[in-house]
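Residues per chain are reported as follows:
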Amino acid sequence: MDHTLPKVTGTIDGHEFEVCHGTTLLEAAKTLGIKIPTLCHHPGLPPDGNCRLCLVETGDKLLASCAFPIRASGGVYLTHSPLVFEARAFVLKLLLSRAPNNKELLKLAEEYGAQADPRLSDDPDGCLRCARCVRACQAAGSQAIALIGRGRGRKVAGPFFEPPLDCVGCLACARSCPTGLIACGEEPRVIWGRQFDLVKCPQCGRTVGTPEELKRAGITSWLCPDCRRREYSQALKNLPEASFVRN
Amino acid sequence: MFLKDHRELEALRSGLMTGPAPTRRLWVCGGPGCLASGAAQIQAALASEIKKQGLNSQIDFRADLTGCLGLCEKGPLVGVEPEGFLLEKVSLADCQELVSKTLGQGRPIERLLSGHQPIKNHPFYQPQIRQITRRFGQINPESLLDYLKTGGYQALGLALSALSPDQVCQMVERSGLRGRGGGGFPAGRKWSSCRLAPGTVKYVLANGDEGDPGAFMNRSLMEGDPLAIIEGMTLGAYAVGANKGFIYVRHEYPLSVERLNRAIEAAEKMGLLGKGILGSSFSFNLEIVLGGGAFVCGESTALMASIEGREGQPRVKYVRSTQRGLWEAPTLLQNVETWANVPLIVEHGHEWFKSQGTSANPGTKVFCLVGQVKRSGLVEMPLGTTIGSLVFEVGGGSPPGRSFKAVQIGGPSGGCLPESALDLPLDFDNLSSAGAIMGSGGLIVMDNLSCMVDVARYFTGFLMGESCGKCSPCREGLTLIYRILEGLCQGQGRPGDTLELKKLASLLSKTALCGLGQSAANPLLSTLRYFEEEYLEHENERFCRSGRCQGLFWPKIDPDLCSGCGLCQEACPAKVIFGEKKQARQIDLANCLSCGACLAVCPFGAAQAVRQDS
Chain A
1 MDHTLPKVTG TIDGHEFEVC HGTTLLEAAK TLGIKIPTLC HHPGLPPDGN CRLCLVETGD
61 KLLASCAFPI RASGGVYLTH SPLVFEARAF VLKLLLSRAP NNKELLKLAE EYGAQADPRL
121 SDDPDGCLRC ARCVRACQAA GSQAIALIGR GRGRKVAGPF FEPPLDCVGC LACARSCPTG
181 LIACGEEPRV IWGRQFDLVK CPQCGRTVGT PEELKRAGIT SWLCPDCRRR EYSQALKNLP
241 EASFVRN
Chain B
248 MFLKDHRELE ALRSGLMTGP APTRRLWVCG GPGCLASGAA QIQAALASEI KKQGLNSQID
308 FRADLTGCLG LCEKGPLVGV EPEGFLLEKV SLADCQELVS KTLGQGRPIE RLLSGHQPIK
368 NHPFYQPQIR QITRRFGQIN PESLLDYLKT GGYQALGLAL SALSPDQVCQ MVERSGLRGR
428 GGGGFPAGRK WSSCRLAPGT VKYVLANGDE GDPGAFMNRS LMEGDPLAII EGMTLGAYAV
488 GANKGFIYVR HEYPLSVERL NRAIEAAEKM GLLGKGILGS SFSFNLEIVL GGGAFVCGES
548 TALMASIEGR EGQPRVKYVR STQRGLWEAP TLLQNVETWA NVPLIVEHGH EWFKSQGTSA
608 NPGTKVFCLV GQVKRSGLVE MPLGTTIGSL VFEVGGGSPP GRSFKAVQIG GPSGGCLPES
668 ALDLPLDFDN LSSAGAIMGS GGLIVMDNLS CMVDVARYFT GFLMGESCGK CSPCREGLTL
728 IYRILEGLCQ GQGRPGDTLE LKKLASLLSK TALCGLGQSA ANPLLSTLRY FEEEYLEHEN
788 ERFCRSGRCQ GLFWPKIDPD LCSGCGLCQE ACPAKVIFGE KKQARQIDLA NCLSCGACLA
848 VCPFGAAQAV RQDS
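Sequences listed follow chains A and B, in order. So in our numbering, spot 74 of the first sequence is number 74, and the numbers just go up one at a time. Take the position in the second sequence, starting the count at 1, then add 247; the result is the number in our numbering.
Don't read these hints as lab results, they were simulated from the structure. Honestly, I wouldn't trust all of these hints.
[Claimed, not checked] FRET-style restraints, in silico, Cβ to Cβ:
#  : chain 1 : residue 1 : chain 2 : residue 2 : range
1  : A       : H21       : B       : S606      : 34 to 42 Å
2  : A       : T9        : B       : G430      : 25 to 33 Å
3  : B       : E558      : A       : E187      : 27 to 35 Å
4  : A       : R216      : B       : M248      : 53 to 61 Å
5  : B       : R776      : A       : H21       : 39 to 47 Å
6  : B       : G430      : A       : P69       : 19 to 27 Å
7  : B       : G521      : A       : R228      : 52 to 60 Å
8  : A       : R228      : B       : E558      : 33 to 41 Å
9  : A       : T9        : B       : Q414      : 37 to 45 Å
10 : A       : G44       : B       : R741      : 40 to 48 Å
11 : B       : R776      : A       : Q115      : 26 to 34 Å
12 : B       : R776      : A       : L78       : 21 to 29 Å
[Said to hold, decoys possible] Derived SDA-like pairs (lysine to any residue); straight-line CA-CA distance at most 25 Å:
#  : chain 1 : residue 1 : chain 2 : residue 2
13 : B       : K757      : A       : E27
14 : B       : K564      : B       : G435
15 : A       : K200      : A       : A140
16 : B       : K757      : A       : R119
17 : A       : K7        : B       : L443
18 : B       : K750      : A       : S121
19 : B       : K750      : A       : L63
20 : B       : K757      : A       : P118
21 : B       : K348      : B       : R358
22 : B       : K750      : A       : K7
23 : B       : K749      : A       : P118
24 : B       : K822      : B       : Q737
25 : A       : K7        : B       : V566
26 : A       : K155      : B       : A541
27 : A       : K61       : A       : G10
28 : B       : K757      : A       : E110
29 : A       : K155      : B       : E558
30 : A       : K30       : A       : V76
31 : A       : K155      : B       : K348
All residues carry an ideal CB built from backbone N, CA and C; glycine is no exception.
Taking the hints into account, I'd like the entire structure generated from these sequences.
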């Protein structure tokens, strides 16, 4: 937490909170132990606010708490009001039509009394369009995949629905997918219709990654992190005592 | 010629004003409608005819293209100056006579005239106040000199020589100008916020991504007076401290792009854009960015993403663009029409600007009046004019045999207002409390043959196709709403559909991420609010009183109203209408398709829709 930032206060469900300026509403709720359901949110990725499950009421408006930065004191937020409940049930009903067998979704749907609408039962491909995979790919340094198309026809894919040339096979997309829908193989490394070579640590034989992935990260050593650490401390140990300077 | 300071600008202008004026000018309307019906060819024919008849050798006669003259329905239009005639439905065959008689002798061609001349007495034009569109019919939009001659760049000259950026900002703030793009957000507040935002790099943007079905006001402005937008943006850049601007225009408007590009080039050559404008230390460059045809790119954050070269989709907007917009820099984005208001405010002062319109909604607004009215076209009225005066005075009301039912205002995410709203003043606040929006100012007039459920289905379908699909309520929810509406229109409604639609619409507007999704339910919500009985008839009785939804009505001919003209008989695709000449027609319902073709053509309102079980 950056302690140079000013503090802001407010209440969530009647409980007072104090957080740093710019903290998201979702994080503020967490400090009070209030749980807000999320789907597209991932703590390691920039917020997108697209699934709309984390909606919270303030005034007569709903806010996506995962993306809303608190920048003023005095806010009164409700995470379990009738409107919030209704809105989440609506969102869950819509998402269920896309992923009717998703366990997490079904559990939430039960909690909120949501049912899939038969009129949206076509194309239940299991994907929530939460874009966690796309954002993970971007955050990792590639833009190999994207959500292609508009509206209900939107799908995650590589350019022109072909195996993406910019993919480095890091599996960040598959690992961040909340539905486990992205088909991939660890060894041999297969994803998005492409197969990748694997770099094995020359010392311990562990898999370090794909050559493309290491290149993207700017890593020239093919040692695994553990072996690198060991080698580095070994080098430190062999240094003469005089080279350690005490301040 | 490069203008070194504002004195040179004024010298040039007074030279132009006192110089020899053309004796008589023919202004060929260069609006989208007239161009589509051959205005450019007519202008070329007139020009060559002038040469052929040797008119130009004696005195200066000209025929130029100009901005949209407004009465699109009667195009191609030709205006005659200084007499002020407006010739309607001009064809290539008229050109020779036009030059010899009208241009040469100042006499109009009777067959091309409507009953109301000069044109300012025409009921279409009389109630209008043409402020933003004042140069349409007065200048060639491709001529910077024409622009200067009509007062162009007076405001910028004044600002750069006598006003501080802060003063310009305050003028806009005090004028009460509200954003013309739809929301009506006070422009001055945006300007001040952007001006005060920390940062050395700032941007000004113009939104010309007009995408509403039936709307062409932004297009008309970009094509008819591109320099007004450019001057407005230059003033805005000066006020907030930006040196770079972008005009975002949809690529389906090639003429807008061409004219804006020419205008930018001409302004650069004269030193009205670029480095050290008019000898001041202020520099400003302007660039055009083409939209790829996505409706959602009219939304501010999606528009910026598109300019940055990213996928045009909105982002969660909890930080204003005036603080963090294009490339994270403070950004002032306004609709092209808002920008065109700025030179007027700076030139004439905020008090003058407030003398038009109402106190909370000052100024004029350009509207596109289309649909079932006698006179459709581009209209400019002060804000606060009643809907009724626009539809009935300017537009002339519904066509013969039909009755007014509703007016759809504000584009696809606007609302349908009923007859009881005709006295409602057209301004941002009144429209939104009535369930519509100003939007960019499109008005589609509908009559008794428009089914309100079908209208909601149409607009929901449009928005469903344009939804970017980022957030789940808009992506999945709009589809669900569309399917329910489609079911109702096809006679497959289920009990409770109307109630469910109400619930879904209200939830969609509260949960969607951006303005498109939040307002996407407006057509549905407003038709449910004012025309719920039509929904219930579709749901419970499988009846469409407007005769629009096929299979949900039988056509019936009222023998008392039928003149026996036989138009319905001609129009019927199933050939089931029969009857003698001048006798009331009859319909063989056993073989009728229930398509409504007879209803649409009857000029007497004799063909009507009745319940199928009656």
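Results for each hint:
For H21(A) and S606(B), the Cβ-Cβ distance of about 38 Å falls inside the hinted range of 34 to 42 Å, so the restraint holds. Take T9(A) and G430(B): their Cβ atoms lie about 31 Å apart, and the range 25 to 33 Å holds. Between E558(B) and E187(A) the beta carbons are some 33 Å apart, a value that agrees with the proposed interval 27 to 35 Å. Distance hint for R216(A) and M248(B): a CB-CB separation of about 54 Å, consistent with the stated range 53 to 61 Å.
A hinted range of 39 to 47 Å holds for the C-beta pair R776(B) and H21(A), which are about 41 Å apart. Remark: the range hint 19 to 27 Å for G430(B) to P69(A) is upheld by a beta-carbon distance near 22 Å. Taking the beta carbon of each, G521(B) and R228(A) are about 55 Å apart, inside 52 to 60 Å as hinted. Distance hint for R228(A) and E558(B): a CB-CB separation of about 38 Å, consistent with the stated range 33 to 41 Å.
Evaluation of the 37 to 45 Å hint for T9(A) and Q414(B) yields a pass: the beta carbon distance comes to about 39 Å. About 45 Å separates the C-beta atoms of G44(A) and R741(B), a value consistent with the hinted range of 40 to 48 Å. About 28 Å separates the C-beta atoms of R776(B) and Q115(A), a value consistent with the hinted range of 26 to 34 Å. A C-beta distance of roughly 27 Å is found between R776(B) and L78(A), which places it inside the suggested range of 21 to 29 Å.
Under the criterion of a C-alpha separation no larger than 25 Å, the hint pairing K757(B) with E27(A) is consistent with the structure, at around 23 Å. Simply put, K564(B) and G435(B) have alpha-carbon atoms about 20 Å apart, close enough for the 25 Å limit, and the pair holds. Pair hint K200(A) plus A140(A) holds up; C-alpha atoms about 21 Å apart against a cutoff of 25 Å. For the proposed pair K757(B) and R119(A), the alpha carbon gap of about 22 Å is at most 25 Å, so the pair holds.
For the proposed pair K7(A) and L443(B), the alpha carbon gap of about 23 Å is at most 25 Å, so the pair holds. Only pairs whose Cα atoms come within 25 Å are accepted, and K750(B) paired with S121(A) is accepted, the gap being roughly 20 Å. Of the supplied pair hints, the one linking K750(B) and L63(A) holds, its CA atoms being roughly 19 Å apart against a limit of 25 Å. For the given pair, K757(B) sits about 23 Å from P118(A) by alpha-carbon distance, which is consistent with the 25 Å threshold.
The suggested pairing of K348(B) with R358(B) holds, with an alpha-carbon distance near 13 Å, which does not exceed 25 Å. Proposed proximity of K750(B) and K7(A) is contradicted: the alpha carbons are some 39 Å apart, above 25 Å. For the hint linking K749(B) to P118(A), the alpha-carbon distance of about 18 Å falls within 25 Å, and the restraint holds. The straight-line distance between the Cα atoms of K822(B) and Q737(B) is roughly 23 Å, inside the 25 Å bound, and the hint therefore holds.
The straight-line distance between the Cα atoms of K7(A) and V566(B) is roughly 18 Å, inside the 25 Å bound, and the hint therefore holds. The straight-line distance between the Cα atoms of K155(A) and A541(B) is roughly 17 Å, inside the 25 Å bound, and the hint therefore holds. The straight-line distance between the Cα atoms of K61(A) and G10(A) is roughly 16 Å, inside the 25 Å bound, and the hint therefore holds. Using a Cα cut-off of 25 Å, the hinted pair K757(B) and E110(A) holds, with the two alpha carbons roughly 22 Å apart.
Restraint check for K155(A) and E558(B): satisfied, since their Cα atoms lie roughly 14 Å apart, inside the 25 Å limit. This hinted pair checks out: K30(A) and V76(A) have alpha carbons roughly 16 Å apart, not beyond 25 Å. Taking the CA atoms of K155(A) and K348(B), the gap is near 64 Å; set against the 25 Å cutoff, the hint is violated.
Violated hints, listed in ascending order, are 22 and 31; each of the other numbered hints is respected by the structure.
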